[in-house]
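Every number in my numbering is 50 more than the matching position in the sequence shown, counting from 1.
Calculated from the structure, these hints are not laboratory results.
Cut-off 25 Å, straight-line C-alpha distance, at most; resulting in silico cross-link-like pairs (DSS-like, lysine-lysine):
no., residue 1, residue 2
1, 184, 56
2, 227, 185
3, 185, 224
4, 96, 156
5, 85, 184
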Amino acid sequence: MLNASKILRSLQPGQRVEMYRGAGGTVVSARRTDKICPHDFAVVLKIPGRDEFYPTHIRLLFDLYLKRLSNENGAHQLFCRVEKVYDGSDPEVFASEVLKLSFPMKLDDPDINLYYAQLLMIEQDFNYGPQGCKKSTVNPPREFLMRFIRWVASGEEIDKIIFLAVRNKPPPQKYAKRLI
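Whole structure, please, built from the sequences with the hints as guidance.
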């Protein structure tokens with residue numbers, strides 16, 4: 051995570067950088083926006099044959115939920131890799147592993163989930179960390195998103211998870227407990 055953070059921290063206002071290219075051709079980029087705080091950035095996905103768009107934590111949570119519904123064992127493996135990315139591991143290290151998993155229901159390939167989950171976590175750290183302009187209720191700030199991911203992994207229904215996520219309300223404290 052440190053290398054990606056350094057690249058993102060060095061972006062100039064409005065500058066864009068390709069961070070990852072998925073096995074299926076999806077490009078994961080970041081563009082500095084300074085929208086919330088200095089050094090804030092937007093994650094950009096460009097899926098082949100589609101217009102680019104800005105995925106949010108809601109897309110990630112819903113996609114992980116679909117994956118859990120369609121392949122519980124495979125989803126558990128993916129959730130464990132997301133936990134390692136949360137710990138600072140490079141998501142590219144796990145890309146070939148997660149691409150072997152089959153998910154009949156999905157929005158994005160699992161390598162793409164790892165890539166933009168990492169970027170969304172870094173965004174949390176930038177905006178709510180020591181150099182950010184917002185105050186975090188958790189430490190490190192990326193824990194906020196990770197608790198939602200753990201909640202999805204728990205098997206609970208998506209409705210309450212999304213309800214709280216869209217309102218930027220914190221997930222229950224019990225999801226501070228690690229998956230691995």
